[in-house]
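Sequences listed follow chains A and B, in order. The numbering of the first sequence is the working numbering, which starts it at 1 and goes up by one. The numbering of the second sequence is the working numbering, which starts it at 1001 and goes up by one.
Treat the hints with care, since some could be wrong.
[As the list claims (entries may be wrong)] Quick list of in silico lysine-lysine cross-link-like pairs, DSS-like style, CA-CA up to 30 Å: (1) K1126(B) - K363(A); (2) K1042(B) - K1067(B); (3) K1071(B) - K358(A); (4) K329(A) - K1043(B); (5) K1071(B) - K346(A); (6) K1071(B) - K329(A); (7) K346(A) - K1067(B); (8) K1071(B) - K1094(B); (9) K346(A) - K363(A); (10) K1071(B) - K363(A); (11) K218(A) - K1112(B); (12) K346(A) - K1081(B); (13) K1126(B) - K1094(B); (14) K218(A) - K207(A); (15) K346(A) - K1094(B); (16) K378(A) - K1081(B); (17) K329(A) - K1050(B); (18) K378(A) - K1095(B); (19) K358(A) - K378(A); (20) K1126(B) - K1112(B); (21) K378(A) - K1094(B); (22) K378(A) - K1042(B); (23) K1095(B) - K363(A); (24) K207(A) - K1067(B); (25) K1095(B) - K1107(B); (26) K1071(B) - K1042(B); (27) K1107(B) - K363(A); (28) K378(A) - K1107(B); (29) K1126(B) - K207(A); (30) K329(A) - K1042(B); (31) K1067(B) - K1043(B); (32) K1112(B) - K207(A); (33) K1112(B) - K217(A); (34) K1081(B) - K207(A); (35) K1094(B) - K207(A); (36) K1126(B) - K346(A); (37) K1095(B) - K1081(B); (38) K207(A) - K1071(B).
In case anyone wonders, no lab produced these hints; they're calculated from the structure. On a predicted model such as this, the values are computed, not experimentally measured, just so you know.
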Amino acid sequence: MPGHRRGRSLSEGLMLEESEKGGLVVSSVIGGSSGNHGLKEGDEIVGATINFDQLSKDDVLKILKLMDDNGFDKKVQVLTKNNLSKSMGTLDSIKAPEELASSFSGEDALPSNLRIPSNLVDRARAERPPPPSDSSLPVLRRCDAAVPVHLSPVQTWVETLERRDSKQLGLVDLHPDVFAVPTRIDILHEVELWQRNFKRISRAHTKVRSEVRGGGKKPWRQKGSGKARHGSIRSPIWRGGGVSHGPRGPTSFYYMLPMRVRVQGLKIALSSKLAQDYLHVVDTLNIPTPDPQYLMDLIRYRHWGESVLIVDVGEELPENILQATESLKTVNVIPAIGLNVHSMLKHEVLVLTLEAVKFLENKLLWHDERFTLLYPFKLPYTDLP
Amino acid sequence: MSLLRGLLKAGVSLCHSTLQTTRQISTGVCCLVRMNAIPELKKVDRWTEKRSMFGVYDNIGILGDFKAHPKDLIVGPVWVKGFRGNELQRLTRKKRMVGDRMMTQDKHDMEKRIRFLYRHFNRFGKHR
Chain A
1 MPGHRRGRSL SEGLMLEESE KGGLVVSSVI GGSSGNHGLK EGDEIVGATI NFDQLSKDDV
61 LKILKLMDDN GFDKKVQVLT KNNLSKSMGT LDSIKAPEEL ASSFSGEDAL PSNLRIPSNL
121 VDRARAERPP PPSDSSLPVL RRCDAAVPVH LSPVQTWVET LERRDSKQLG LVDLHPDVFA
181 VPTRIDILHE VELWQRNFKR ISRAHTKVRS EVRGGGKKPW RQKGSGKARH GSIRSPIWRG
241 GGVSHGPRGP TSFYYMLPMR VRVQGLKIAL SSKLAQDYLH VVDTLNIPTP DPQYLMDLIR
301 YRHWGESVLI VDVGEELPEN ILQATESLKT VNVIPAIGLN VHSMLKHEVL VLTLEAVKFL
361 ENKLLWHDER FTLLYPFKLP YTDLP
Chain B
1001 MSLLRGLLKA GVSLCHSTLQ TTRQISTGVC CLVRMNAIPE LKKVDRWTEK RSMFGVYDNI
1061 GILGDFKAHP KDLIVGPVWV KGFRGNELQR LTRKKRMVGD RMMTQDKHDM EKRIRFLYRH
1121 FNRFGKHR
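For reference, chain B alone in the conformation it holds in the complex (with noise of 0.2 Å):
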């Protein structure tokens, strides 16, 4: 906005001092976004059934003799639950524990991945 005032002004002190019509012309990206009013707030409903029964059961260990582990209520991929790493390290439990259920394709791009990042980690960069 205030580029185009700043090229109004402009335009304007040209027209006085050289009496010739000037263009306007703006090569920058403020007049791309295009704001006729402040946007609305999105309406977020907080007390949905997933958002008021969030977080019951974390303590089933403590709470509930140790019969169960909190790790055992994440919902996912088997490779990764309950568990944290790096992407090699997610790679090669999935190869493990789901490779042999996988399709051809997908096994393929995984092991040329699995590949790559070993030599990444262990070859190149400061860290080997």
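Looking at chain A on its own, in the form it has when it is part of the complex (with noise of 0.2 Å):
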């Protein structure tokens, strides 16, 4: 095939050639077998993904040496045809890394369909700093619950808010009952209507024509007058008379979602966070300065979103942190009781402590096993905490 140019070669010992459509070729395979992973010469390398078993193209295989020097664990920037910039964690909690679908040459990577419009791509979340790839951070909290033994607990990192640029702290184990749950977008739209609904009362309301003031008398005589026929000043059909078919008083549009759907909603809505990078945990909530202005630098410096959801448990939370998010408006602290799904999905990112992590926990996985009602949990029971 003409213009080809020689390709960098593996450490595996393969030797690539770049054709002129941009299709990687191997040409030959030097060594033993040891390194092949089933190709052979004349294959086309049509794609890659981040897995350090297949090949990837010449601009990763520069940063694939780098990281066999450095370690594992360094972020990889992918150029696709596109020219999307996609960043991969490498990490036990590995989100699904996304897989091109084989392009013969010519075409482009991704089926039309799927092509996301590189102003849609965050770019900003894709420059976050990664955690250092060579120290072995402590697990702080491994999970109070018995973890299912099909099941591995999802591990996050643990931050602090002391300073802008503190490094992580540990790693925290998060039950997957609780935060690595099937994603069922009915259920958190479901629960997001409700949310919505049962707090509406609409006290919209018009008059009945027996309402209107006035309209008893027979305006004129039944016959003769050369008029319509009418019986009242305030029937429907009269201008200023009652409306006979409109709204009727304060209405209520109030019901209850099971107890479970609501619960499953929260976990939902937890595990989406997690998995689409928008979790952090903290180990408190202590900031040196009730500055707002420090926080806003800070969320900006880690390019953690726009809007923020800091959650944590107890009454009393610290007052610097009260004090700061007063005047901000996307950047809010609730506590762990007042966790719901429509605030968090109006927030971009939600931001834990530890304790809120065990509370929440604690609090969702118990309707996993718990006895059905016999009469609301409000009446005491014996075996309830």
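Using the hints, put the two standalone chains together into the complex.
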């Protein structure tokens, strides 16, 4: 084939060639069979995922070599044909890496219905500084409740709010039945609608013909006046008359979803926040100054997002953070009792403290293994805490 | 707009054909709505106190040991909090709960309405 350029060889001993159209072709296999991975001479490599088992494109080869030198925990930037930059963290909690569909030479990498326009990709989050790869962070908290045998706890970092550029303190284990639940958007939708409607009382009210002032007397006699026959001046066909089928009085739209559905909605919201990289765990909410600017600086420096919801347990929250968030619109602090799906969807980022994580796991896991209601939980039960 | 244009064309053609001046008359409703420009979008602040704190404490039962129920959070008239029903049910509930405190004219109107609705639901129509 004309127009070849010699590609870099992998440490395993494969010679790659790049054809005109940009496809990578294996020209020859050097070395033993251990590094082949089933690739033969003449195979065209069309896609890449950041799996260290498979081959990648020339640009990533350099990074792969660097990663080989420094360890496997570095953040990887993958450039596709569409110039989308995707960043993937390589850790225990692996978010599913986007696999490029196999592309024949000349076509784009993704089919047209899956391509994301580049202005929707959040470049600020892609620039988030990754945690250090070489330090082994201690696990600060294990799950209190028993984790089912077939699942394993999800992990995430613990950070501080003390200094703007402080590093991660450690890791925390999160129970998979709360933070790694399969996402059901229909349940989220149901719970969100419930939250909107059950409190709604519409006070729209119109008067019926009997309630409008006046209109008891027959306006003119039945026959002989030459006018249409009418019985009252406040009938609905008259101007100024009553409304026949209008809204009547304060109407309520109250209903309750089953308790387990609401609990499942909370679990799904938490899992989605974790899966989409919008959940951060913090050890405490102590900040050095009550200055709102400090918080905004911290959020922007760490590239968290636009709006932040901070959750802590306990009736008394630290004064500094309360003062700081008082004047800020998009950063809000709520106690853990006030957590709900609508607030989680409204705010982009969710920040939990360690105690809040413990509290939530405790409360939400209980519903998986409880007896069904005999009478409302308000009334005393002997075995409930 | 298209009606006016049609009328203009008809008018022009009439002029050409009959050499008589014709007056444009439109009897439609399209000339009543006047839009000289596309109206501006109203500016809504999505982060007011009410909007950013909406929904907080809705799970106070599940997360708060069941000492309170979300229906205790609802702000509104007593006879409608945590209750849903059609008009007759709401009015009879209002009469039970608040009837002795009501003003005379309002109470009289409510009783007339209850009487009417009772007869309407139980004596007329397909569903009795």
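Going down the list of hints, with the structure as the test:
no., hint, verdict
1, K1126(B) - K363(A), "violated (49 Å)"
2, K1042(B) - K1067(B), "violated (42 Å)"
3, K1071(B) - K358(A), "holds (27 Å)"
4, K329(A) - K1043(B), "holds (16 Å)"
5, K1071(B) - K346(A), "holds (22 Å)"
6, K1071(B) - K329(A), "holds (27 Å)"
7, K346(A) - K1067(B), "holds (27 Å)"
8, K1071(B) - K1094(B), "holds (18 Å)"
9, K346(A) - K363(A), "holds (23 Å)"
10, K1071(B) - K363(A), "holds (20 Å)"
11, K218(A) - K1112(B), "holds (20 Å)"
12, K346(A) - K1081(B), "holds (26 Å)"
13, K1126(B) - K1094(B), "holds (27 Å)"
14, K218(A) - K207(A), "holds (20 Å)"
15, K346(A) - K1094(B), "violated (36 Å)"
16, K378(A) - K1081(B), "holds (18 Å)"
17, K329(A) - K1050(B), "holds (11 Å)"
18, K378(A) - K1095(B), "holds (28 Å)"
19, K358(A) - K378(A), "holds (23 Å)"
20, K1126(B) - K1112(B), "holds (23 Å)"
21, K378(A) - K1094(B), "holds (26 Å)"
22, K378(A) - K1042(B), "violated (45 Å)"
23, K1095(B) - K363(A), "violated (40 Å)"
24, K207(A) - K1067(B), "violated (40 Å)"
25, K1095(B) - K1107(B), "holds (8 Å)"
26, K1071(B) - K1042(B), "violated (33 Å)"
27, K1107(B) - K363(A), "violated (47 Å)"
28, K378(A) - K1107(B), "violated (36 Å)"
29, K1126(B) - K207(A), "holds (26 Å)"
30, K329(A) - K1042(B), "holds (20 Å)"
31, K1067(B) - K1043(B), "violated (40 Å)"
32, K1112(B) - K207(A), "holds (13 Å)"
33, K1112(B) - K217(A), "holds (18 Å)"
34, K1081(B) - K207(A), "holds (23 Å)"
35, K1094(B) - K207(A), "holds (17 Å)"
36, K1126(B) - K346(A), "violated (45 Å)"
37, K1095(B) - K1081(B), "holds (15 Å)"
38, K207(A) - K1071(B), "holds (29 Å)"
Hint check: violations occur at hints 1, 2, 15, 22, 23, 24, 26, 27, 28, 31 and 36; the rest are consistent with the structure.
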